[in-house]
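For the protein sequence lines, the chains are R and A, in the order given. Here the first sequence is numbered in this note's numbering, starting from 1 and rising by one per residue. Here the second sequence is numbered in this note's numbering, starting from 1 and rising by one per residue.
Derived by calculation from the structure, the hints in this document are not laboratory data. A couple of the hints might just be wrong.
Stated by the list, open to error - Just so you have them, the derived chain R footprint on chain A, three or more residues with Cβ under 8 Å: (1) 134 to 145; (2) 161 to 175; (3) 183 to 191; (4) 201 to 207; (5) 218 to 225; (6) 249 to 263.
Heads up, the beta-carbon is just placed ideally off N, CA and C, and yes, glycines get one too.
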Amino acid sequence: MVTATASSGGAGWDIVADLRQMLALHFMVNAFRAGTIVALIAGTVGWFMVLRRQSFAGHTLAVVSFPGAAGAIWLGVSATAGYFAGSIVAALVIAMVPRSSAGRERSEESAVIGTVQAFALACGVLFVSLYGGFLDSLTGLLFGTFLGISDRQVVILALVAAGVLAALAVMARPLFFATVDGDVAAARGVPVRGLSVAFLLLLGCAAAEVSQITGALLVFALLVMPAAAAQQITVRPALSLALTVVLCLVTTWVSLGVAFYSVYPVGFYVSTIGFAFYVLAAGGRALASWLGTRPTRTGPHAGGADLADVAVGA
Amino acid sequence: MIATLDPFVGLAHMLDQPFLRSAFLAGTAIALAAGLVGYVVVLRGQVFTGDALSHVAFTGALAALAFGIDLRAGLYGACIVFAVLMAALGRRASADDTVIGSVFAWVLGLGALFLSIFTTSQSGTGAVGSDAGVNVLFGSILGLSSSQALSDVIVALGVAVVLVAIGRPLIFASLDESVAAARGVPVRALGYVFFILLGITAGVATQAVGALLLLGLVAAPAGASQRISSRPFVAIWLSAGIAVGSVWIGLTLAYLAPRVPPSFGIVGVATFAYLVSIAATSSRWWNRARARNRNRNRNQNRKQRSRPARTVPVAAEFRGEIRGA
Numbered sequence: 001m002v003t004a005t006a007s008s009g010g011a012g013w014d015i016v017a018d019l020r021q022m023l024a025l026h027f028m029v030n031a032f033r034a035g036t037i038v039a040l041i042a043g044t045v046g047w048f049m050v051l052r053r054q055s056f057a058g059h060t061l062a063v064v065s066f067p068g069a070a071g072a073i074w075l076g077v078s079a080t081a082g083y084f085a086g087s088i089v090a091a092l093v094i095a096m097v098p099r100s101s102a103g104r105e106r107s108e109e110s111a112v113i114g115t116v117q118a119f120a121l122a123c124g125v126l127f128v129s130l131y132g133g134f135l136d137s138l139t140g141l142l143f144g145t146f147l148g149i150s151d152r153q154v155v156i157l158a159l160v161a162a163g164v165l166a167a168l169a170v171m172a173r174p175l176f177f178a179t180v181d182g183d184v185a186a187a188r189g190v191p192v193r194g195l196s197v198a199f200l201l202l203l204g205c206a207a208a209e210v211s212q213i214t215g216a217l218l219v220f221a222l223l224v225m226p227a228a229a230a231q232q233i234t235v236r237p238a239l240s241l242a243l244t245v246v247l248c249l250v251t252t253w254v255s256l257g258v259a260f261y262s263v264y265p266v267g268f269y270v271s272t273i274g275f276a277f278y279v280l281a282a283g284g285r286a287l288a289s290w291l292g293t294r295p296t297r298t299g300p301h302a303g304g305a306d307l308a309d310v311a312v313g314a
Numbered sequence: 001m002i003a004t005l006d007p008f009v010g011l012a013h014m015l016d017q018p019f020l021r022s023a024f025l026a027g028t029a030i031a032l033a034a035g036l037v038g039y040v041v042v043l044r045g046q047v048f049t050g051d052a053l054s055h056v057a058f059t060g061a062l063a064a065l066a067f068g069i070d071l072r073a074g075l076y077g078a079c080i081v082f083a084v085l086m087a088a089l090g091r092r093a094s095a096d097d098t099v100i101g102s103v104f105a106w107v108l109g110l111g112a113l114f115l116s117i118f119t120t121s122q123s124g125t126g127a128v129g130s131d132a133g134v135n136v137l138f139g140s141i142l143g144l145s146s147s148q149a150l151s152d153v154i155v156a157l158g159v160a161v162v163l164v165a166i167g168r169p170l171i172f173a174s175l176d177e178s179v180a181a182a183r184g185v186p187v188r189a190l191g192y193v194f195f196i197l198l199g200i201t202a203g204v205a206t207q208a209v210g211a212l213l214l215l216g217l218v219a220a221p222a223g224a225s226q227r228i229s230s231r232p233f234v235a236i237w238l239s240a241g242i243a244v245g246s247v248w249i250g251l252t253l254a255y256l257a258p259r260v261p262p263s264f265g266i267v268g269v270a271t272f273a274y275l276v277s278i279a280a281t282s283s284r285w286w287n288r289a290r291a292r293n294r295n296r297n298r299n300q301n302r303k304q305r306s307r308p309a310r311t312v313p314v315a316a317e318f319r320g321e322i323r324g325a
């Protein structure tokens, strides 16, 4: 990042000139391409994830992508393959663990998840140490980097994203139905369990893609925050999905642009801009309901109820 | 080399190194505190809080470094403040809560910023900056000076003593909050004290295994001990024992294989212990032994009074509190 700033000579107030200067560099063009792909997939998959209340699973999948990438670098394979391998294996493992509901079982489940996360991160450190300790790449893996994204990496990101989006488009309606009212969906013959496993796999792919921009520790910033902000603003499914994607794109583009002209990591900007959107959305809604300009149905859980009405009514 | 020839000579040789003595001393005390506190964390189903605190520990420590104050001031300050906040939220704080998740993700993003500020401010003096960041994230137990080790021991032992002192009412309140409250146990106050202890533990464990891995030392031994024994006062000490054992074996592994980071050794051994406990307790032999034990208890209870024993064996521990006036 220091080299990027040095070579570009800093930002002026002429935004067009700044943009042209930035996009004259091939690695920045690639960064924006990758960022756009990642934002698209983070927005759509993240929207479903927040609706399904699986944000902790998404976080865990992203954390596991870190040892995947570190192990791939150690073995001399491409880090991209490592990200996907780590996340997809973790998604399969989580899908295999049966869901428990009783209180004591649940406390055990959280201990398992915590241990898995810590052990995954510890494996990542081990691989980095075995590789020979290249500290800059460590912070890059954890907190995001946009330097050195190759053409090939962009193609892989695009192919995986296309596959995930196609799969999601096919299963969107039944998945939505199963999410808002699992029992009714199961009674109508929707394969709820199969959909849940399939979605976890898609989530693994998405978490692996997002990790490559925001770093393994900050995927929350793109997967959760825009979706949560959009679901605060509107309860209409199509509108909030579109809004999520737009917020993701704006967050990524602005973060990449700002990070290019500063020395601080891109993950900081992504998480800060995403959090700002969320605070604005939540604050705006609180203000609106306080002023009484909106009907009272916009309570904290009214979103799910309204979405359920839409699904059943449709 | 020597270690492979004769284990005792090797062990003595290992403990001759002053930095390893400090590591063993501090590691033992920290593991004791983490094992005891971790058991209650798992019992209350609040492992997620430990995860959140590990983010805060990272940001607090690096903020202190970036602003040029003592690392430990930032570490303990941030952990204790956020622990009190989480205590105030109480049981509303759950793992899939997007509000809390977003706040902590942003806190971690801030940590990345402080790391970057500190790294660039130190860039003239070599790799000190990134080293400090990596040490906070993944621990530097072998880099503790003897005075640091001593202060860690005092803090960790303090946590352990306070936890043992409030252990009985705390576990009672964690198992059944409403019954404990009805019996006059100060449930809310105990909650706050416990979260402050958890914050201090997170701070002190960050120095041993690092902010990102402290969850391994808090959750894995406790999860294992909870599987092995359902009697809280046995399990809590078992958890502490597993944690201390993990630190000892992990440090020895790191000493024998220098490329293995000590934090990986410690968390790896703790995870392995958890795996073994899962495998053992789901084996047929274990379940048969446990069923036999349960039948014997039930027969004894039947002799005493007609009511069969409660299926939750935990209630037996608090019979005094539950039945007594």
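Results for each hint:
| no. | hint | verdict |
| --- | --- | --- |
| 1 | 134 to 145 | holds (count 3) |
| 2 | 161 to 175 | violated (count 0) |
| 3 | 183 to 191 | violated (count 0) |
| 4 | 201 to 207 | violated (count 0) |
| 5 | 218 to 225 | holds (count 5) |
| 6 | 249 to 263 | holds (count 4) |
Violated hints, listed in ascending order, are 2, 3 and 4; each of the other numbered hints is respected by the structure.
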